[in-house]
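Asker: For reference, the chains in residue letters:
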Amino acid sequence: MSAPSFAVPHALLPSVRLRRRLVILAGSIAALAGLLVYLRVDPIAAVRDFHYVTDLIREMLPPNFRLLAVKPSIWNSLVQTVSMAFLGTLVGAGIALVLSVLAASNTSPNRWTRLAVRTLLATERCTPNIVVLLVLLIAVGIGPFAATLSLSIGSVGMFGKLFADAIEHVDPGPSEAIAAAGGGRLHAIRYAVLPQVLPSVVANCFYAFDVNLRAAVALGIFGGGGIGFELNVARSVLRYKDMFACLILIMVLINLMERVADFIRKRLFSMEGELR
Amino acid sequence: MRSKEFSLARYRRHARPAIVLVALVIAAAWQCEVNFRDLLKGIAKGLSMLAFFFPPEWRAFPEMIHPALVTVIICVIATPIGAALSIFFGLAGARNLAPPWLRLLCRSLIAIERGLPEIVILLILVAAFGLGPFAGIMALAIGSIGMLGKLVSDAIEEIDGRVLDSAAAVGATRLQVIRHVVIPEVLPSLVSHSIFRFEVNVRASVLLGAVGAGGIGYELNAAINQLEYNRATAAALTTLALVFVSERASDFLRARILGGGTV
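Going down the list, the protein sequences come from chains A and B.
Here our numbering is used: the first residue of the first sequence is 856, the next is one more, and so on.
Here our numbering is used: the first residue of the second sequence is 106, the next is one more, and so on.
Same shape as in the complex, but just chain A (with noise of 0.2 Å):
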């Protein structure tokens, strides 16, 4: 005799269910182990060695902050970081401007040049800052200023594409009215695309003043200058409580920034119609 038809679907069954999900689980942690193993991790020495954490804890509070007395370099490296991404975002926004005018399809002068400037964009984007900033360290110095080239290069990968995409999906309408006017290309771009892709520029460069405030300072951790120099110094000497006190001092940078953009970028887009 064979199982009745209005059984539940083999697969269904609960004790089935039961055990592929073991099957997954058991998976799931035995490659976890494999590839802890490959990376030669031991989890479990953490854990015993946790006290390591607790002994960091108690050498960091409480956060030093007689440090922005006895060191008033640390305002000015606030100032720096927040310096750095502001100008590696308008530098990269204006360099990423000109290039997606070049990389979208309808405003291109020819295919070879969009191709190019595509290719350019794509392989900019892939490279990390990382890779940029230690090259350009070698090349112009330690210092804020290497910084502020390397976050410009990325802001062009990140914004290029953007701004081209932004560019192919404008209304062709206003610019086949200036065409036909006997307006050429570049009165065409000015008055017609511009005008249509400003506020995704605007606020795009927003976005990017966001990510590029943090790449600023991971990027002063390497020698790029600004309150992650400062931290890192403070971590590399064990002066535990100063680089406690410069972690607040980020968070609050950043928290205070990011209040600081909302503002403007409210404002902004209130008298958005005016902006053109």
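Derived from the structure by calculation, the hints contain no laboratory data.
One or more hints might be untrue.
Unchecked claim - Partner residues are not named here, just some residues of chain B that face chain A (Cβ under 10 Å, in silico):
| hint | residue |
| --- | --- |
| 1 | ILE124 |
| 2 | LYS146 |
| 3 | GLY151 |
| 4 | PHE158 |
| 5 | GLU162 |
| 6 | LEU190 |
| 7 | ILE192 |
| 8 | ILE217 |
| 9 | VAL231 |
| 10 | GLY235 |
| 11 | ILE242 |
| 12 | VAL311 |
| 13 | ASN330 |
To be verified - The calculated EDC-like cross-link candidates involving lysine to aspartate or glutamate, where the alpha carbons are at most 20 Å apart (straight line), are:
| hint | chain 1 | residue 1 | chain 2 | residue 2 |
| --- | --- | --- | --- | --- |
| 14 | B | LYS150 | B | GLU138 |
| 15 | A | LYS1016 | B | GLU304 |
| 16 | B | LYS255 | A | GLU1113 |
| 17 | A | LYS1121 | B | GLU352 |
| 18 | A | LYS1016 | B | GLU138 |
| 19 | B | LYS255 | A | ASP1020 |
| 20 | B | LYS255 | A | ASP1026 |
Backbone N, C-alpha and C fix where the C-beta goes; we use that ideal spot for every residue, glycine too.
Given chain A, put chain B in place with the hints provided.
Answerer: Okay, now just chain B, sitting in the frame of chain A:
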């Protein structure tokens, strides 16, 4: 006639913002120690340096396979851990599931965490756990919580209250509501964002490697510090390929998930 109609007057209202912007740029440039002489010299130096970077050291590519795998594996382990943790943070940070004090606590933790770049988290963890991939895994897992946790919380808060009520009305306990209503609701967007996060983590992992998490970032940094520029090119090209492949894979998988297919 035409030339008279054209005047600078219509640009006048842009004057004040323009002046402020220019002033800010100059101040920022001064802060960043922008120096065009250095830049020109740097470009010249950079171009002459390119000669040192090329050709890449072909023999070094086989040696790059292991570090590249380490970089990827760090992300492979860290992203699911971060996603799993962010479910807990997400549940505890949702208005319609958690009590206000717990929500506030979780939301603040997530906000603090979002304010910290992964590399800063790594520096602290390296001080605690020492150099190595373990600190990198922890840093990326914690870093993922910031983005994914907020996402899950927001997604849960958007669930229609009536759905939760009807589940409770047929006698589901709070855990059953979470298991059978909330999780299925947020899982697709969590999976899709986790895949995106994986891509972000690959880039971050390269950076973390340079600070001491190991992997391809470490190789790159070490090669440049030891002035082995040809080897550095090999590492940089490997990194490029890694990031490119992860971006493609992530795009492909997310498109499939959003298209309703299975992974």
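Asker: Looking back at the numbered hints, which does the structure fail to meet, lowest number first?
Answerer: Failing hints, ascending: 1, 5, 6, 7, 17, 18, 19, 20.
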